[in-house]
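Colleague: Sequence:
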Amino acid sequence: MSNRLTMGVALAMVVGLALHTSAGFGQNVIEGTVAGTKLTRCTFKPGGCEGTLILETQGEGKIARITINVPLGTPIKKGDEDVYLPTLNGKAVSIVHITERGEKIAKSIEVRTVKP
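For the sequence shown, the residue numbers in mature numbering (1 follows the signal peptide of the UniProt record, and there is no 0) are -23 to -1, 1 to 93.
It should be emphasised that the hints constitute simulated quantities derived from the structure, not laboratory data.
Here are the simulated BS3-like pairs of lysine-lysine, each with C-alpha atoms no more than 27 Å apart in a straight line:
#1 LYS22 / LYS55
#2 LYS22 / LYS68
#3 LYS39 / LYS68
Please put together the full structure from these sequences, using the hints given.
Modeller: Printed below as a string of structure tokens:
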């Protein structure tokens, strides 16, 4: 009976760990200001824009420019409002992304409000 209980607990731990890591495994968050966008396709519905954006980040006194791929279906939000890729120029954003084959791919983009 105790062997069965041990196996049940072990299985529950494995399932719990798998569910916990699958939601955010390999995802990173990067923040900066959008320096430019390139639209390759847009269907003008929420998540309907595809293209790339150039993100300026600042760290250790240096400004870096990072290219982020934005696949079709990527949610882009400002609060509860959906926004489109071309409207991001000059905006402060927070991007959840993964890195695949050396390229950063956006999973979601949130426009941040910058306090003066």
